[in-house]
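Enquirer: All chains, please: the whole structure from these sequences, using the hints.
Take 1 as the starting number for the sequence shown in my numbering and just add one per residue.
Quick caveat, the hints were computed from the structure, so don't treat them as lab data. Incorrect hints may appear among the rest.
[Said to hold, decoys possible] Pairs of lysine to any residue, SDA-like flavour, derived with a Cα cap of 25 Å:
| # | residue 1 | residue 2 |
| --- | --- | --- |
| 1 | Lys383 | Asn369 |
| 2 | Lys182 | Val14 |
| 3 | Lys163 | Leu191 |
| 4 | Lys374 | Gln149 |
| 5 | Lys76 | Asp87 |
| 6 | Lys277 | Ser254 |
| 7 | Lys169 | Ser293 |
| 8 | Lys29 | Val14 |
| 9 | Lys273 | Leu191 |
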Amino acid sequence: MNYSTGKFAKLANVTERTIRYYDKIGLLKPSFVMENGYRRYTQSDLLKLQKILSLKHMGFSLEEIYPMVSKEQNIKESFSMQIDLLDSQIKHLQVIRDSMESFVQNVDEKNIDWNQIISLLQMFDIESSIVEQYKNSNNLNVRISLHDQFSTNKTGWFNWLFKQIDFSKVNHLLEIGCGNGKLWENRNIDLRNREIFLSDISEGMVHEVRKKLGKDYNCIALDCQAIPFKDGYFDTVIANHVLFYVQNLEKGLSEICRVLKNNGIFYCSTYGKEHMKEITELVQSFDSKVELSQNSLFDIFGIENGKAILNKYFRSVQFIQYEDSLIVDEAQPLVDYIMSCHGNQNEILGPKITKFKEYVESIISKNGNITITKQAGIFICTK
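Expert: Right, here's the structure in full:
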């Protein structure tokens with residue numbers, strides 16, 4: 001069954017102007033256009049529109065919605081994702097309601113607690129962070145998935161990284177920037193007489209990790225520039241692809257060094273300047289205005305300068321390279337990865353995401369695949 005623009009808009013309870021605008025910006029193209037120029041929409045377009053309107057209602061911008069609707073999902077996956085987001089918002093609204101009810105029950109008109117009112121105001125701002133937390137988690141999963149699917153080194157980054165850790169010396173361990181906890185999934189670790197803390201600056205990430213791993217590990221939100229532990233508490237600290245995001249790297253490393261005991265080990269991974277360079281070349285060959293990152297992360301803390309930076313804080317620093325590359329023969333996972341980056345790609349590629357995917361498909365069809373350099377490794381530092 002197919003629908004005209006007017007009928008399609010009526011079914012979705014939106015204006016024809018909205019449908020035409022989504023068509024114009026490339027967010028929702030009709031399934032086909034007749035010879036006379038009339039647009040025709042199908043039931044699959046209706047599902048896509050439902051997802052767009054749902055995400056828009058939850059607070060996502062149209063730029064953020066582009067990659068989320070371009071990703072191929074079946075009906076169950078699409079609605080499950082929306083349910084997860086709605087559950088987060090419902091829980092947040094319930095907290096606000098409970099706080100308001102408590103305030104009403106205890107309010108003293110003559111002596112109002114203005115700090116409680118300020119706290120309520122701040123709660124409304126947290127709602128926008130639910131969207132941000134979902135994006136962070138989803139983007140991380142997308143990025144990990146590309147490596148899981150197309151890496152030539154079948155050991156896998158997280159398995160390799162885990163093997164570098166000397167657990168014979170671990171009693172108190174802190175991971176900084178644990179993300180979704182991938183490093184600790186399906187591990188057989190003797191936790192007797194050991195404390196392992198998984199931390200992230202994002203409350204959303206910590207919540208996700210706590211649901212998955214909270215029975216075995218301590219999951220806490222913290223900023224590594226102010227670690228809430230006493231001096232020399234940990235014998236091992238891990239920072240997996242994190243240091244280049246720290247706002248004040250000197251302060252962060254000083255804190256890490258402070259909470260690490262003498263002879264303690266700090267494991268920190270990073271990239272080099274050649275890492276994934278072909279992806280940047282790919283997007284810029286399509287549109288030179290695209291920047292996948294606001295900063296060159298390897299310039300902040302990378303393979304090339306990492307040892308010199310770490311030598312200021314540790315008496316011994318050694319580097320181990322992880323040998324790997326990507327051979328990508330599917331367009332969609334690569335497009336999803338690109339749209340998960342931290343640059344301006346959503347703004348520029350979003351309106352022409354279909355054409356960009358076709359461009360990537362044409363390169364894969366011509367060459368058989370896209371080979372991507374990986375240049376990553378780990379510094380092992382002794383205090």
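Enquirer: Do the alpha carbons of lysine 169 and serine 293 lie within 25 Å of each other, as the hint requires?
Expert: Violated, at roughly 37 Å.
Enquirer: Hint check: lysine 182 vs valine 14, CA-CA at most 25 Å. Holds or violated?
Expert: Cα-Cα ~41 Å, so violated.
Enquirer: For the pair supplied as a hint, lysine 76 and aspartate 87, is the alpha-carbon distance within the 25 Å limit?
Expert: holds, 16 Å
Enquirer: Is lysine 383 close enough to asparagine 369, meaning Cα to Cα at most 25 Å?
Expert: violated, 44 Å
Enquirer: For the pair supplied as a hint, lysine 273 and leucine 191, is the alpha-carbon distance within the 25 Å limit?
Expert: Roughly 38 Å separates the two Cα atoms, so the pair is violated.
Enquirer: For a C-alpha distance cap of 25 Å, please report whether lysine 29 and valine 14 respect it.
Expert: holds, 16 Å
Enquirer: Next pair to validate is lysine 374 with glutamine 149; report whether the Cα-Cα distance is within 25 Å.
Expert: Holds, because 14 Å separates the two Cα atoms, which is no more than 25 Å.
Enquirer: Take a quick look at whether lysine 163 and leucine 191 sit within 25 Å of each other, Cα to Cα.
Expert: holds, 17 Å
Enquirer: Between the alpha carbons of lysine 277 and serine 254, is the straight-line distance 25 Å or under?
Expert: violated, 31 Å
In terms of the numbered hints stated before, the structure departs from hints 1, 2, 6, 7 and 9, listed from lowest to highest.
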